[in-house]
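**Student:** Each chain, letter by letter, is given below.
There are 2 protein chains.
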Amino acid sequence: MTYELYYWPGIQGRGEYVRLAIEEAGADYADVARTDRGMSAMMRMMGGAEGTPPFAPPFLKAGKLVIGQTANILLYLGSRHGLAPKAEAGRLWIHQLQLTIADFVLEIHDTHHPLGPSLYYEDQRAPAKRRTEEFWKERVPKYLGYFERMIADRGGSFVTGRRLTYVDLSLFQIVAGLRYAFPKRMNRFERDIPQLIGLHDRIAQRSRIEAYLASKRRIPFNEDGIFRRYKALDI
Amino acid sequence: MTYELYYWPGIQGRGEYVRLAIEEAGADYADVARTDRGMSAMMRMMGGAEGTPPFAPPFLKAGKLVIGQTANILLYLGSRHGLAPKAEAGRLWIHQLQLTIADFVLEIHDTHHPLGPSLYYEDQRAPAKRRTEEFWKERVPKYLGYFERMIADRGGSFVTGRRLTYVDLSLFQIVAGLRYAFPKRMNRFERDIPQLIGLHDRIAQRSRIEAYLASKRRIPFNEDGIFRRYKALDI
Chain D
1 MTYELYYWPG IQGRGEYVRL AIEEAGADYA DVARTDRGMS AMMRMMGGAE
51 GTPPFAPPFL KAGKLVIGQT ANILLYLGSR HGLAPKAEAG RLWIHQLQLT
101 IADFVLEIHD THHPLGPSLY YEDQRAPAKR RTEEFWKERV PKYLGYFERM
151 IADRGGSFVT GRRLTYVDLS LFQIVAGLRY AFPKRMNRFE RDIPQLIGLH
201 DRIAQRSRIE AYLASKRRIP FNEDGIFRRY KALDI
Chain A
1 MTYELYYWPG IQGRGEYVRL AIEEAGADYA DVARTDRGMS AMMRMMGGAE
51 GTPPFAPPFL KAGKLVIGQT ANILLYLGSR HGLAPKAEAG RLWIHQLQLT
101 IADFVLEIHD THHPLGPSLY YEDQRAPAKR RTEEFWKERV PKYLGYFERM
151 IADRGGSFVT GRRLTYVDLS LFQIVAGLRY AFPKRMNRFE RDIPQLIGLH
201 DRIAQRSRIE AYLASKRRIP FNEDGIFRRY KALDI
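Chains as they are written, first to last, in this note's numbering: chain D, 1 to 235; chain A, 1 to 235.
None of the hints are false.
It does not matter which identical chain is meant; a pair holds if it fits inside one copy or across any two.
When the alpha-carbon atoms are kept at most 25 Å apart in a straight line, the in silico DSS-like pairs for lysine-lysine are as follows:
id	residue 1	residue 2
1	K86	K64
2	K142	K61
3	K61	K86
4	K231	K184
To be clear, the hints were calculated from the coordinates, so they are not data collected in a lab.
Construct the entire structure; sequences and hints are all you get.
**Tutor:** In structure tokens, the structure reads:
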């Protein structure tokens, strides 16, 4: 089966957590909205009255299934491609960690969009500055400290210990994204999260991920995505 | 088995979506943090090195399992108490809808906390006003319009058609909460969402929910929760 991934074509965004999982699994997929007429196909599926029309991208078509919400897609893919434990307890645990990452991703987005997603960054520069200050003072240490502790307490190479899950791939993306968006702040902060940095480096060296990152399938970071490099926010 | 729910004792908050599901299921549970020494038990579980320490409340102890993240808890409860379809496709669909509600809940929270959760509302009144404007202009119609369409297209009493799921209970809470927090705005908006209002009313009349709402187990809405009534934001 060839998966069909639907996501905004110009950004990594939330689609990237799905791409990393599919790439690591070595599964076939089409990144539909980046192909000819893919965008209109995506919009048509969201507007449909039948079936399970998603609220927003990303969503994944897997045979007859149409699955929306990033963490939900990973829940589905995880059990099919050995990227999550098989037993219920482990599956729920990994999913919980992914949902915590999803909350963090929304807070990352809100650093440049504190007044909401429908206004431009240029219309909310001052609140963005204040929110970013709070974000780095309170939220980054809380979220990344939590994941740092999970890796340290388990004494393995990955969040759950010895086996890679989709959560590890998502944490790779978080570290890479924060490095892109806030190079100065992240540079200072990295000494507090040695486990996460080690995890990031191990993921980057996995053969399929390394090949993906070097390919055109990986969209470069840019200022339309979740991780944006705005000088005013990185002091 | 008696479930143990852990959540901040003074507010409905995200714990309420779990409470509504457990109450509708007629299952036994203790609302632990509202009991003597319950708060310290909650903090201890979050700080633990062993097992699966949650990032934040709410979390549910079910036998040996400790499950965090509201939508994840509902995923677990749904399949055990007939509050979600049994087949995978239906389970993923309902979970996707719940995750969309979770996104909406975070945006509701951000109307009074646009600069982040670690500052007081009083420190962010002006941005809160602007965010609330955008919220009602763009986001409420988008989110509630989506759920309105789901109910209308399926022609049943509930979001999935004929059978109640935990998503319906959560949508009840969304309508009740918006009515509490923004009585004027919601009063004007309700004509656009007749299906959701009908759903709210049907849920409120279910015998277990009706009994729950009249009991002391239901914490009243207040200005520490997600839905807050601030006159300046309700015009």
